[in-house]
Amino acid sequence: MVTHIEHLPNELWFSIFSYLEAHDLFRAFINLNNYFDELISSRHLLYNVQFNKNDDHSRFISITYCSSTEILNRIISLQWIAKPRYGYLPQFFNKNISEFTRLRALRIEIHPRQTSLICKIFSELNSLEYLSVKSVTIHTLLIETIFTIPCLHICELINSHVMRNIECSFVRQSNIEVLYLTNISIDIHSITETFFDHMPKLKRLEMFGSTQTFKTLISWIVNQIFILEKIPMIKLKCKSNRVTIVFFEQLQSIMSIIKYFSLNIYVDIEDEILLENLINNWWSIIEQIEKINISIIKISSEFSFVVLFFFTIKIIHNSLSLF
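Following our numbering, the numbering of the sequence shown begins with 1 at its first residue and continues without gaps.
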């Protein structure tokens, strides 16, 4: 007996399946009947695979049917946020790297000891357009390998000392257009101008860290300002439990190239001086930024209760809103 839903066009089913994670798709539809088995085995159906911290290895093995070529070469997106010490994904990739011919997006957390193997893998992923790497330390070799992936347009580097003491000696120019750097820690002499010289297509640069980092970061940006001025969109996001007028004075020196700025300030006492400085001393500096978001969060503990008070300022195209 043919069900009514089997009369729907295959293209519609492929569109519906594209919103499902591969494991959920197989669990819901495989062996349901011959019609859905044929849809799932169709070469037109592409897969999004997620493997998270709470998953076990059997989940991924079940998705890939023990390294079935028919499955692997149709994976277009893979998110692997498992504990990197297991080393399972690098080994699996290395064994089956020739099958990932359509992989366009990869999110991965790695251990520094896996760098050499990961670099070997990345050099084979020629169809990769988006890459997010999380690690305690990202070595120069990994950076150079990432930046030479031919189709890579968006790159995200997280929780890394990504720019500390890196010697950039790229052989070829990168095609990266969007670069995200999170929890960065750099010094003014750690990156030479050649770092951005090898990213001529860079259109968006976003950096996130603490103000302790940003004191050095701002000095570095000033040193690189002629290079960074060529980037259409630069965003800075930072957080701190203490912000002084010196921070905003340093910020003023790079105001001309910042399009967006976000600052979270955490205070544990009543700080009227902070608010007074914000309005009387810093405002002339702050309002020069095209888009800005400042949140002042007061955390107090009374009778074992934690209370958070938010004071947020947003300026978007010179319009002010207070929350």
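No wet-lab data here; the hints were simulated from the structure.
There's no promise every hint is true.
[What the hints assert, rightly or not] Mimicking DSBU-like on lysine-lysine, the simulated pairs with C-alpha atoms at most 30 Å apart in a straight line are: (1) K95 <-> K237; (2) K203 <-> K134; (3) K235 <-> K291; (4) K95 <-> K134; (5) K259 <-> K203; (6) K291 <-> K237.
To see whether the hints hold, each was checked on the structure:
1. K95 <-> K237: 39 Å, violated
2. K203 <-> K134: Within the cut-off at roughly 22 Å; holds.
3. K235 <-> K291: With a Cα-Cα distance of about 9 Å, the restraint between K235 and K291 holds, given a limit of 30 Å.
4. K95 <-> K134: 22 Å, holds
5. K259 <-> K203: With a Cα-Cα distance of about 12 Å, the restraint between K259 and K203 holds, given a limit of 30 Å.
6. K291 <-> K237: 12 Å, holds
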